[in-house]
Structures are given as structure tokens and as C-alpha cells.
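Chains as they are written, first to last, in my numbering: chain A, 457 to 593; chain C, 457 to 593; chain E, 457 to 593; chain U, 457 to 593.
Simulated from the structure, these hints should not be mistaken for lab results.
One or more hints might be untrue.
Identical copies carry no separate label here, and so any pair may be met within one copy or between two of them.
Derived DSBU-like pairs (lysine-lysine); straight-line CA-CA distance at most 30 Å [as the list claims (entries may be wrong)]:
#1 K545 x K563
#2 K543 x K459
#3 K459 x K545
#4 K543 x K563
There are 4 protein chains.
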Amino acid sequence: MNKVFEWPVRVYYEDTDAGGVVYHANYLKFMERARTEWLRALGFEQDQLRQDYQRIFVVRALSIEYLSPARFNDALIATAEITEIGKSKLEMQQYILSHERERILTKGQVQLVYVHSESFRPQRITPVILDAVNNPL
Amino acid sequence: MNKVFEWPVRVYYEDTDAGGVVYHANYLKFMERARTEWLRALGFEQDQLRQDYQRIFVVRALSIEYLSPARFNDALIATAEITEIGKSKLEMQQYILSHERERILTKGQVQLVYVHSESFRPQRITPVILDAVNNPL
Amino acid sequence: MNKVFEWPVRVYYEDTDAGGVVYHANYLKFMERARTEWLRALGFEQDQLRQDYQRIFVVRALSIEYLSPARFNDALIATAEITEIGKSKLEMQQYILSHERERILTKGQVQLVYVHSESFRPQRITPVILDAVNNPL
Amino acid sequence: MNKVFEWPVRVYYEDTDAGGVVYHANYLKFMERARTEWLRALGFEQDQLRQDYQRIFVVRALSIEYLSPARFNDALIATAEITEIGKSKLEMQQYILSHERERILTKGQVQLVYVHSESFRPQRITPVILDAVNNPL
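One chain only, chain A, in its complex shape:
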């Protein structure tokens, strides 16, 4: 039912470290790019959500396993998939895969909370978003 959204990511020098591989914190950036593009694919622009409703999604918790390193110039795929929907929370599973999808590089779980952009207090997810998340095209 919940489809897996995929977004291509290229590894540039900015993403790597002196170990010769992608710096561990930077996979979180790749994951966020995939979530942003997933929301956009559902029809939602986060700058509009903020302007129109004073709402943003923030990361409340995150866990990630590093299974295989990505290197400079690699073409990767970042995935995003809803695993649980609450009143103000979304749980997502996200993978970083090699370009040919034959290797899982990282495996992550992310808990997002929908909050007011100033107070950071949890808010009910706007119904049109909830609908779109529940019924992706």
C-alpha cells in the first residue's frame, strides 16, 4: 500500500571525509532530501506549509545502521517509506542503496513530528497532508 519513494543522490567531495568514505552524519542529509522530495511528490512544499500554516516537520528521533560505506562519486538512491501515521507523528523507514540496488548502505528509522514553526509544539497533521500520505497516487 505505502509505496517506497526513491530519490537519486550523487556523492560529491563535500559529503566525504578523510576516511575516504561518506561522513556518517551526511547520510542524514541524504535521508532528508528524500523526505523533502517525497513530500513534494505528494504535492506539498515545505516553505508553503510554513508560510500558510506555520507548520514544519521536525525530526524527533532517528536511528541508523551503517552497513556498507559509500565513496566519492558514487551514485546512490535514498528511499522514503511511511511505516506509521499518528495524529501529529509520522514514522518512516529509509534506506540508502547503491545505484543498482544490490547493496544496502544504511538503514534508518525516522520519527517526524508536525510542529508549530515558532513554538515547536506538536500539532495535528493538516488533513490534506494526512489524506495524501494515506492515499499516495
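Position chains C, E and U against the provided structure of chain A, taking the given hints into account.
Positioned in the frame of chain A, the structure of chains C, E and U alone reads:
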């Protein structure tokens, strides 16, 4: 027995995002700074470990809860504490605290593996390091 | 003669700062992405150059003017254009433009040197690269 | 007359790239840390400037020469020195030096403009700041 190591962190513009708070992936950088300084305080320089033994510590898994946001110009404390010692693995608990220690901003668990710097294969932790980790001054 | 190469860049949270705009150092990342993709379009993969010839391009000098700020979620264009070719040096002009190209956000000059990947000593640019740079398709 | 302000910088993995050296854009972060700490040493907190006066300093132009690479774990010094003071502009010269000051790693010029934090329009520098900049202790 295992003492909590503390390292001061200042929040600069580079660490923040347009939400007005520290970007979620950047807390991982603060945590790594604290681990690096904890190893240095025990007497180990990671560039020397790499040169002398071809060994590096890599992050194998990580989980983090975001409890309260840090903002531009905040003075923070990043902690590092060993919670488990294996043959080639270390488990650490790490907090990011407000300067006065009255607020926990993030709470994280990090699993480190001691690997060969080229093959990234797990290796037994060098005995002098294991000794130092077990018996901090 | 020298065509202007263009590469699309999307602004994510990772790129912004608490001022609400793209952090000034991050435009340099956008510029490097464009240079990397320009080289790729000419047929050169930098990881291959490094492996096959032990050669990398490094930034020797850079100047940038910040004319108009980019914001979260903006779709931008990063350009790359050769302005001078030396034995071991390339001079490039690079712009960051708004998506519709009606606004110049930043204007930069970058001097690249072709160096040995270990010694960082300048080297004559490999002839096939020089040919491609001089005669882009 | 204008003293050179110095701020220590340690190179962590986050700062390096797969070339084994500090990623070129990250020296700009080191330079900004030094500017922030220089302002703080003069008695000004940028979050207070923003809150009290709706003013921020932004980088209007920047040029940098990369003379010698910094590596993982290096202890560096970032300097900041005023070279010109205008109504709404400051020109600064900034170096990144090796710990023992015997090597210049980068040499940079930065033009800062004092702007309104919302409109980004140039503003006269607040007199107390101008006084402090002109007469450092």
C-alpha cells in the same frame, strides 16, 4: 567507574538551519567532536592510530532523540561515556546539554567498531587503548 | 566558444542557516557540484582520474560576490565556464542563478590546479582532458 | 593599531574530504568562527544584536587563497583583523595558520555588510559597535 567526559561546543551559523535551530544532522558532529576529544584525553590521537596501526574507529550504528532545540550562539556541552566494551566494539552514551546542564537537548547511543583503515574489517581493539578505556585516570 | 555548463541545485534545510538563507560557505558546494558534473559531461570521472593517473583538481584560489540570497526550497542553477587554460591551471567563472535565470545570486571566480593526489604538486593537465576542455561538444 | 584576533580551530573528520585534507569550503566556517569570537571578545553577541536591533552582519564578498592544506586532527589558528571600516561595511583580513604559526594555510579577505535581519538592506553600523571596532582594548 566510567566517568562522563565533557566537551564544550559553541553553536555557530554553520550549525543552524532556516528553522532557526541547530540542523538535526549537526548534533552528530558535536557528538563526534566529544568522542575525538575523549580519545585524545585518554592519550590517543586518531591520526597516529591510523598511521601506526592502520586502525580507525567507525560508527556502526547510532540512535538519537531530539528533546529540545539548540539555537544560534548557544554554548553547549557534549558528553561521551562508555557503556559497553567488546573485542572490536565500543558502545557509548552521549548527551548534548545546555551550558548550565539543566536541559538535555539530545540523547544518543553510538556503536563504534575498530576497523582496518583500508579494508574496513573489524579488528581487535589495540590493548593499550582497551586498557585506557577500562581504566580512565 | 566555451559554452556555459548548467547544473540544477535544490536548496534543502542542510544548506540554510538561522538567517533564513543559504549559508555563505554552502554556495561553494553548489559551485563544486557544477564543476564535477561539467567534468563528467566532458567524459571524466574524478574517481577514475585519481585511480588511473593519481591526479586531482584542487581549488587554489576563489573569489565570490553574494548579490542576492537564496532561501530554503529554492530551485537554483549553478553554472561553470572555462575562462582561462594553463599548463596545470584552469580558471573558471561560475554563477548561481535563480531558477528562471532572472536573478544572479552569486558570482564567482575559481582557480583550479591539477595536482598529484598524494604530493599535491602541480602537474601538466592530462592531454585528453585538455582536448576536451578546449573542444567541448 | 588594529590588533589581530586569534581563535583556535581543531580539524575533525566533519571538516575533511576524501582528498585527505580539509574541504575547501570549510575554511570559510573556520573564518566565520573567528569573526564571531572576535565580535564576542569586543562585547557583542550576534543573537543579541539581532534581537535588540534587528541587525546582522552578512558576507557581501570574499576571496581566499589556498596555500597549504590542513589535515585531519590538525590544530589550527584562525585570525581576524579589520582592514577597513565604512558606514555599513567592514573589510577584514583573515588567515588560517598552522598551530605553531610557521605556515600560512589560507589567506582571505572578507567584506561584511551590516544589514536589517529581515529586509537584508544595508544599515549604518550601530555606534557602540563602531566604537569598539575602532578602539579595541
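Do the hints match the structure? See the list:
Proximity of K545 and K563 under a CA criterion of 30 Å is satisfied in both settings, with 20 Å inside one chain copy and 19 Å between copies. Taking the shortest Cα distances, K543 and K459 sit within 30 Å of each other inside one copy (21 Å), while across copies they are farther apart (40 Å). Taking the shortest alpha-carbon separations for K459 and K545, only the intra-copy value of 18 Å comes in at or below 30 Å, while the best inter-copy value is 36 Å. Both within a single protomer and between protomers do K543 and K563 lie at most 30 Å apart by alpha-carbon distance, with minima of 25 Å and 24 Å respectively.
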